[in-house]
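Protein chains in written order, with my numbering: chain X, 1 to 113; chain U, 1001 to 1116.
These aren't lab readings, by the way, just hints derived from the structure by calculation.
Heads up, a few of these hints could be off.
To be verified - Once the Cα atoms are required to be at most 25 Å apart in a straight line, the calculated BS3-like pairs of lysine-lysine come out as:
hint: 1; chain 1: X; residue 1: K17; chain 2: X; residue 2: K65
hint: 2; chain 1: U; residue 1: K1103; chain 2: X; residue 2: K69
hint: 3; chain 1: U; residue 1: K1003; chain 2: U; residue 2: K1070
hint: 4; chain 1: X; residue 1: K17; chain 2: U; residue 2: K1115
hint: 5; chain 1: X; residue 1: K57; chain 2: U; residue 2: K1070
hint: 6; chain 1: U; residue 1: K1103; chain 2: X; residue 2: K65
What the hints assert, rightly or not - Label-pair distances were calculated between CB atoms; the ranges are:
hint: 7; chain 1: U; residue 1: E1044; chain 2: X; residue 2: E79; range: 25 to 31 Å
hint: 8; chain 1: X; residue 1: E62; chain 2: U; residue 2: K1016; range: 33 to 39 Å
hint: 9; chain 1: U; residue 1: R1072; chain 2: X; residue 2: L41; range: 20 to 26 Å
hint: 10; chain 1: U; residue 1: N1058; chain 2: X; residue 2: V54; range: 34 to 40 Å
hint: 11; chain 1: U; residue 1: N1113; chain 2: X; residue 2: M27; range: 43 to 49 Å
hint: 12; chain 1: U; residue 1: Q1002; chain 2: X; residue 2: P83; range: 36 to 42 Å
hint: 13; chain 1: U; residue 1: E1056; chain 2: X; residue 2: T15; range: 24 to 30 Å
hint: 14; chain 1: U; residue 1: E1056; chain 2: X; residue 2: V14; range: 54 to 60 Å
hint: 15; chain 1: U; residue 1: Q1069; chain 2: X; residue 2: S67; range: 30 to 36 Å
Said to hold, decoys possible - Coverage of chain X stretches by chain U, computed from C-beta distances (three or more under 8 Å per stretch; other residues unrestricted):
hint: 16; region: 19-27
hint: 17; region: 44-58
hint: 18; region: 85-96
hint: 19; region: 103-113
Where is the CB? At the ideal position from N, CA and C, for every residue including glycine.
Now for the letters of each chain:
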Amino acid sequence: EAQVTQNPRYLITVTGKKLTVTCSQNMNHEYMSWYRQDPGLGLRQIYYSMNVEVTDKGDVPEGYKVSRKEKRNFPLILESPSPNQTSLYFCASSSEFLNTEAFFGQGTRLTVV
Amino acid sequence: AQKITQTQPGMFVQEKEAVTLDCTYDTSDQSYGLFWYKQPSSGEMIFLIYQGSYDEQNATEGRYSLNFQKARKSANLVISASQLGDSAMYFCAMRESVYNFNKFYFGSGTKLNVKP
């Protein structure tokens, strides 16, 4: 089954404690992205990757890091989380073709206290 | 300027009636894609329907249709015969080329409530 798998689904952490949210896709997609969803703001892109070892900043990259060492995996790293990073996070993958949809992971609800 | 605008934060519709969710977009590209996603209360993002900028006919998928008006840059989602299970958040999205990357832009969403 084609899918994007994110873990964990829920996470409560304290300010400053480094965390990683994992993302893996099994569709051999070139493109992967991370988004955060906040009420009234929709989905905003944090980082994206066009291929292995190729990543770039999205619209809201501050406070986040990513890496793409393998095609299937695209982890999101919060080196020093802060309460304003409390949000719902989505990983998504897509082919490089304009007429194809993005496939989303199940989402990770992160709370930073 | 916002790439995708959804002006209806929330809407109500009676069960079995049709409803239109508005979406306007902003692009200077000739080639782009338009998408709608559904997000139920469980949180997952479900792809509903796609319309290409060169498609002359409006896209349809079951009870979903996309009313594409290119000159007005609008891509409204029409849900016919609403069901209780249609209660969800709906996001409009556009995909266009930015440098070498085909980027997605999402609207702020419309929360639809279907009343029995």
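Please list, smallest to largest, the hint numbers that this structure does not respect. 4, 5, 8, 11, 12, 13, 15 and 16
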